[in-house]
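S.K.: The listed protein sequences derive, respectively, from chains C and F.
Okay, so the first sequence: first residue is 0 according to numbering that gives the first Met the number 0, each after it adds one.
Okay, so the second sequence: first residue is 0 according to numbering that gives the first Met the number 0, each after it adds one.
No lab work stands behind these hints: they were computed from the structure.
For each residue, glycine too, the CB sits at the ideal point set by N, CA and C.
Wrong hints could be hidden among the right ones.
[Claimed, not checked] Covered, in the sense of this in silico footprint (three residues per stretch, anywhere, with C-beta under 8 Å from a C-beta of chain C), are these stretches of chain F:
1. 2–10
2. 41–51
3. 115–124
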Amino acid sequence: MAGLIAGESIALIMLGVLVLGLLRSHAAVLRKLHELGLDVGQDGSPNTRPTGPSPPTPHTDELINLRVGPGDGLNSATDITGRTLQGGTLAISMTNSKGLALVAFLSGGCSTCRDFWDSFRDPGKRVLPGSPRIVIVTRDESTESPGILRSLAPGDVQLVMSNAAWEEYRVPGAPYFVMVDCATGKKLGEGTTKSWSQLRDLIVQSFVDYGGDRFDNQSPLGPKDRESRADWELARNGILPGDPSLYNPAIGTFQDARNK
Amino acid sequence: MTALLSAHEIEVLLPAGWEGEIYRRPGGNGSTSFPVMHLTNFPLPAVRGDFGSGVVELMEPSSVFISLFEYGPQSVGKALFSRNSFPRAVTGEDFHPNRLHRIISGQLGFQRFLEESARAFCLYIVVGGRAKFGGLLGEINRVLPSISIATTRPV
Numbered sequence: 000m001a002g003l004i005a006g007e008s009i010a011l012i013m014l015g016v017l018v019l020g021l022l023r024s025h026a027a028v029l030r031k032l033h034e035l036g037l038d039v040g041q042d043g044s045p046n047t048r049p050t051g052p053s054p055p056t057p058h059t060d061e062l063i064n065l066r067v068g069p070g071d072g073l074n075s076a077t078d079i080t081g082r083t084l085q086g087g088t089l090a091i092s093m094t095n096s097k098g099l100a101l102v103a104f105l106s107g108g109c110s111t112c113r114d115f116w117d118s119f120r121d122p123g124k125r126v127l128p129g130s131p132r133i134v135i136v137t138r139d140e141s142t143e144s145p146g147i148l149r150s151l152a153p154g155d156v157q158l159v160m161s162n163a164a165w166e167e168y169r170v171p172g173a174p175y176f177v178m179v180d181c182a183t184g185k186k187l188g189e190g191t192t193k194s195w196s197q198l199r200d201l202i203v204q205s206f207v208d209y210g211g212d213r214f215d216n217q218s219p220l221g222p223k224d225r226e227s228r229a230d231w232e233l234a235r236n237g238i239l240p241g242d243p244s245l246y247n248p249a250i251g252t253f254q255d256a257r258n259k
Numbered sequence: 000m001t002a003l004l005s006a007h008e009i010e011v012l013l014p015a016g017w018e019g020e021i022y023r024r025p026g027g028n029g030s031t032s033f034p035v036m037h038l039t040n041f042p043l044p045a046v047r048g049d050f051g052s053g054v055v056e057l058m059e060p061s062s063v064f065i066s067l068f069e070y071g072p073q074s075v076g077k078a079l080f081s082r083n084s085f086p087r088a089v090t091g092e093d094f095h096p097n098r099l100h101r102i103i104s105g106q107l108g109f110q111r112f113l114e115e116s117a118r119a120f121c122l123y124i125v126v127g128g129r130a131k132f133g134g135l136l137g138e139i140n141r142v143l144p145s146i147s148i149a150t151t152r153p154v
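Based on the sequences and whatever the hints tell you, model everything.
M.R.: This is the structure:
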């Protein structure tokens, strides 16, 4: 009996040593990949990261300083010029309307970006208060696969590939978002979130906190749609997405209502 | 700030506040497409027609839309194109509502078929309104001289 216990103990110790060794080697591999400028997402897919001079640390889970008032401490936004997926060139100005622009720095290989790509392809999902113009900026063909980008890109949103823009905006990694007031060319906020719904909630909340209604009806690309307007009116009255008051318990979920 | 836009042997230096795209639609069914350049002094929508459908509907009185549309080499030397070269300046008399592809109240249009560097083009310009017409002409006449068209390299 004593021999059996001793044997099991030795086996457990050996197993522990083996697991520790595996964890150490895994950490070493991740550290090496990070040094090479490649992050690995939760599902193991690579997150491309900008190369060049040491970028600032990404601010995960929060859209730093996002507000619809003066962006204290933030630089002016620069115009963006780069290649298109069709082989042409595109120049976007950040100073030629009274409205807002949401510049979305995304990558085709970043697992966290997938939710943003999906949301941008769905016109019903990408509505935001103030109806900002959405501009997607990826790195160029030296880092990105145009084929993958073509499969992800919405057909009705401007997409420009520009390493220069990533450097000028000091983008720490994808996804990263910058909100710009195009009347002044000033950045109102920048940062990153894990999901589109989180980003949307932050923008809605910032409109409530900082009086974003001055951007209503200033959308450069057409009149505000009804859904966006309804969202904004609700948010202004403190009712944000997910608020229990939006759901009638007698009816249940939207899907329940459809099934009735 | 100015931006240099260059593709398909067409180049333009955009003044601050202007934006643009030089593109070529994918050919299909054996057809070949040729370059098109769009320039605006307001946000350029992603989806639009070569002569501004999807754009002109969004224009305000202070807006300008410029389209430079290339025709194929079969058009080079034809009378319609060879009579004119690329204009480096336009005047108020060049604009008229009847020159619009799509009549929208208040808007004025300019259209010229031309040849430049052995390539055939149509230059089409829409201004949003008369109220600021003088200023808009000044803007257009700052952009036009910065457009350069090179001879297409043989494929």
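S.K.: Examine the segment 115–124 of chain F: at least three residues should have C-beta closer than 8 Å to a C-beta of chain C.
M.R.: n = 0 at 8 Å, threshold three: violated.
S.K.: If you look at each residue in the segment 41–51 of chain F, do at least three have a Cβ nearer than 8 Å to any Cβ of chain C?
M.R.: holds (count 6)
S.K.: State whether the coverage of the segment 2–10 of chain F by chain C holds or is violated, taking the criterion as 3 or more residues with Cβ-Cβ distances under 8 Å.
M.R.: Since 6 is at least three, the answer is holds.
Checked against the numbered hints listed earlier, the structure breaks hint 3 alone; every other hint is satisfied.
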